[in-house]
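Sequences and hints are given; from them, build the entire structure.
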Amino acid sequence: MPTIGAAPVFVARDTELAELVRLTSSPPSVAVVEGEPGVGRSRLLEELASHPAIASRVVWSARCGSFARPCRLAPLVDALLGKSEVAAAHAAGFSPVTGVLRRLIPEWSPWLPPFPENADAETVRQQEFRAVREVLTGCGPAVLVLDDVHSADDDTWEFLRGLAAAPLSVVVSSVACGPRRFPPMREIAAHLTLPAFTAAQVRTLLDATFGRCAPDFAEAAHRRTSGIAVDLTALVQSVGDTAEALSADRLASATVPPIVRSRVAGLMAEIGSTARDVVRAAAVLGSPAGEAELGAVAAPSSGEVSGAVTEAVETGLLRDLGRGRYESGSPLIAEAVYALLPGPQRCAMHGRAAARLASGAEPFASLIARHARLAGDLVAWTQWTCVAVDNAIEDGRTEEASCLLEAALRDPDLPRTARESFAVRLGRELPRSIAHAGTVRLLREILREWPLSKAARGEIRVHLGQVLINQVGKVEAGRLEIELGAADLGRRQALLARGLVTLALPHIGTVPVEENFRWLDEAEQVSKGEHDAGLLAAIAANRLSARMQVADPDAWHAIADLPRAPESAEVCRQVARTYINLADAVAWNGHYPVARAYLATARRLIRDDHQPYLDALADGTELRLDLAMGEWSIVAEKARAMLTRVDKDGSLAAEPLLVLGWYEYGQHRPTAALRSFDAAFALSAGSVPIQASAYAGRVAVHQAGKELQAARRLAEYGLDTVRRKNNWVWAAELMPFAVRTMLGLGQLVEARELLGEYRQGIDGKDAPVANAAALLCRGILTQARGETLAAGDLLLGASKAYYALPFPYFAAYADELAAGCFAEAGDRERALASYTTAETVYANLGAAVDALRCRRSLRRCDPEMPRRGRKGYGEGLSPRELEVARLAAQNLTNREIGERLFLSPRTVEIHVGRALRKLGLPSRTVLTEDMLRDASGEDSKTA
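Reminder that position 822 of the sequence shown reads as 822 in my numbering, one-by-one numbering, no gaps.
Don't read these hints as lab results, they were simulated from the structure. All C-beta atoms in this analysis are idealised placements derived from N, C-alpha and C, irrespective of residue type, glycine included. Worth double-checking, as some hints may not be accurate.
To be verified - Derived DSS-like pairs (lysine-lysine); straight-line CA-CA distance at most 30 Å:
#1 454 - 528
#2 648 - 638
#3 648 - 474
#4 765 - 800
What the hints assert, rightly or not - With beta-carbon atoms standing in for the labels, derived distance ranges:
#5 207 - 558: 23 to 29 Å
#6 324 - 347: 26 to 32 Å
#7 208 - 184: 31 to 37 Å
#8 15 - 878: 42 to 48 Å
#9 412 - 640: 35 to 41 Å
#10 568 - 412: 50 to 56 Å
#11 631 - 347: 55 to 61 Å
#12 640 - 383: 23 to 29 Å
Next comes the structure, spelled out in structure tokens:
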């Protein structure tokens, strides 16, 4: 990206530019443009100078240089020299007084009048002012534009004050504060202040320069540069010169551009030594600070701080936040200042920063630890890190505690005396936060390579096993870690029990549920005699959750025994976890309103205790409830938002991916749905119900695509998974698709045997969704035997069962199948009623393709049914729209369609868009010839 001075676009200053153009068109006038260095004052004046509205005027322009001793009238001389040919063309009309310019502008001597004789210095000075004014105003309508006038010499300032009433327009730019700020004058017609770019303006600038730019890149660029135009340009240029190259990750890793470092070094050289120390102190602190803090960190021998702060603010190296607080001009400026700071001075400043912060009434432990580390004080760093971890745990910020511990453990200079305790503490906190792959690898590395006591090794192994099972989905690896930890723990039975109870929930692993209950019994046995209330609550929670996961109808009675107001924070967390597990279990069983109530109870219990892992579990269950209960308008956005909060490679990402898969299936986006189902399956090794649902979705996609052999294989894999687990409740979504696939392959006997096995597996279980699925499968099998009326009645019963949950999508699916049975049996009235119900529900959900399919079926049942819209054309397809849509249904691109029909790609895009809108379809990927035949009325014509 070119520098701002030659930038290809000009954005965010249109209002200011228009005001300057207006003022310069009505001389005499004076306008002042103010702003901190780098915000784009120079670029605004350049745009003004080249604006078409003042093309008929002579524009005298110059930039005032920053010299230790500015030359007299230097910017005015530069402005005159820049238009020498204009001045030469009007020289004949100049008065003799202009001869005084021979000394200032020797290049003009050939055509200037003689230099005045016998004039004293003051007279010459006054004549110079008159001569410059005469040239500026004597060459036609003119505009004088001076940039950075705060750097001009005193004579230029005096000249400008005397020029205010001259018949020309004057525009100057200046810093917004300090002693060199342009003084107020009654002749000033406009005082414009340029702020730094906002995040939205940065995005507009980048979009205009590169085309579509990622929003996160624009926000990150604004955050790092604070919207200072010159630094923004240099930083973006250092990252890349195409939209594809501009990523937030590349921006984060980009070093300070040499241009910015040079600019900052130049500004630092212009200010006094105390001001430089204050700027360095701000960069070292890295957060807003007052004058006292800046002075304490700057240097013991620093001079008067208040004036130094003012000086630094004037240069833009510091930003005044108000209320006596200051920070570096931008994060990028802070980086540049920090990079220019010599190592010993940097360490000393960090040491003073740590001491200053530690002396405060409420010391910020993690910040003190950071400064101590950067000062090289390892003892203080370790001590303050411990304090910061304690504070984070006490406040319920477990994820912050884990991050602090992990950062310390990765530091090669962490004292050996602290290594073991830090590793054990990280192991304890990790199960309660969201574990990332890097953290898990770190703990494994510590177990493999660090010298640890047996007790510490055993405890870390148990906690690592919990994380591997609950969050990573590696059940066998987690079980092995717990078993290895048990060998090291010796008499620490409570910790061993916590590990065993992790294995107790039936959804975990591929072993039969009976094995999960055996682990639960073992945990209870190991914990006998223990008085740890949190442990006992955890065991009770998993016993109740396990019973609910297998849909034990007697489990409901035990819920009343859960404490309503737990006494300790640990017991409160365990009770909250119980309600989240119960919500998850009853959601898979089909008790959706009850699941929502349990989630509300859990969130009430932990609302003041930040628990990232429990929050993520609750969010995943809530997503599934939204999907099942028909909240499709919000579910996709919520699922994608959750994916940004959890580890994308961890098991917590499986549920949002699963929900996205079902949503995309309902939107008839098979490729996207299959991709989401596959990703959910890959991350759900530790959760059989999620695996079963992912299998169901994959079977459904292949079945819809008429890929029955592939669907059959996947169905068998899913059924084997449930069969091994011996909890058929979790096959409720899979069964209808498995049965239809088997029937499509002519496997009637196998389908009937499968249904018998399924019904036996859910017998006596309190699982309404499983019972609805069994009824749906019975209806499908009955239809396959040719008993269409009986099948229709069974399918209507299934529909009512699904509506009662409520599970509207599957209810509409059952209604649609029932309608087909009634139509086949000749019961036209019941067929129309069921098709109408199904179409309405599909449409309300946003399942446009399913709704359109029902409308087609309705027309076949009732050819006289009025079509939506009116013929020729209204909401019906025009001949051209139909022609274009048919080619689009063949997967031709807009360009290919245009070449066939002699249309532009843009025109094709318009026709396709209109066709999709009229058909109520989400995208062209779902267009089929059958839909278009129905939409054009060809079915009725050939009937």
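Handout entry: Hint check against the structure, violated hint numbers in rising order
Key = 5, 10, 12
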